[in-house]
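Novice: Given only the sequences and the hints, what does the whole structure look like? Please build it.
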Amino acid sequence: MYQNIDEFYNNECLEEERLNSGIGQIEYITTMKYMKSLCPPNSNILDACAGAGKYAFQLAQLGHNVTAGDLVEINVEKIKEQNKKVNSLIEIYQGSILDLSRFKEESFDVVLNLGAYYHLLDSVDRKKSIQECLKVLRKGGLYFMSYINRFANYIGHADEMNRDFGMFENFLESGTVDNVFFCSTPEMVESDIQESGLRILHNIGTDGCIYNGDIINSMSDDTFERYMKVHLSNCEVKSILGCSSHGLVICTK
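Here the sequence shown stands for residues 1 to 253, where the numbers follow full-length UniProt numbering.
Heads up, some of the hints might be wrong.
Unchecked claim - Each pair of labels, with its calculated beta carbon distance range:
#, residue 1, residue 2, range
1, D159, K139, 45 to 53 Å
2, S101, M219, 42 to 50 Å
3, S196, V237, 18 to 26 Å
4, P41, S239, 16 to 24 Å
5, E173, P41, 41 to 49 Å
6, L38, S196, 24 to 32 Å
7, E73, S239, 38 to 46 Å
8, V86, E169, 42 to 50 Å
9, T223, Q94, 38 to 46 Å
Please keep in mind that the hints were generated in silico from the structure rather than gathered at the bench.
Idealized CB from N, CA, C, for every residue including glycine.
Specialist: Below is the structure:
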């Protein structure tokens, strides 16, 4: 599994670019809106699967004390290079979210799991990722966890039905076809969260119901601003939550 993730982020994915345009920017703007409104000033924040540091650096710029880590070496190197320019992060490390024993228990006000959950194909590992985060999260602290919605792929990958419907059926049953991503549902995520003893504050469809990034990129500034108002006013509506490719659940310990 780790090899597949490492290969993906080395060869295919530039997460920082994905969050800067098209659908990705909607996910980023939405996630940051909730972080800005919920994170107490000067919070001690652990970004436990930070990617290239998009959220970590923004949160540090807002005055928080941010520690950033990632499993993938190339991502950690990108964070270190950026931090040489801004020197804003408290600590940078390479490591798995499945082992956060390097940190003292209840040492963070906020813990971010913005990627690891949907890369863990085994349900035991997904639940362990939550538990490891909870160990280092103080009582009353905030836990942010992103996930990928399985049934959003009815729309996002409908063309795959004609190419190989069997593969599509297998995906709907198992939640994965590529050994890199696990796609769940809002209900499955809420079950894992509640089983861990967390209290859910928000469950959000972060990138909404538009699947064509070209449509977003072609919007005028005024149209995009108006669209974001519509999106943000509806991103927690239960009846459309699973239509969003990416989801975000925010909880308190």
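Novice: Could you tell me which of the numbered hints above are not met by this structure, giving the numbers in increasing order?
Specialist: 4, 6
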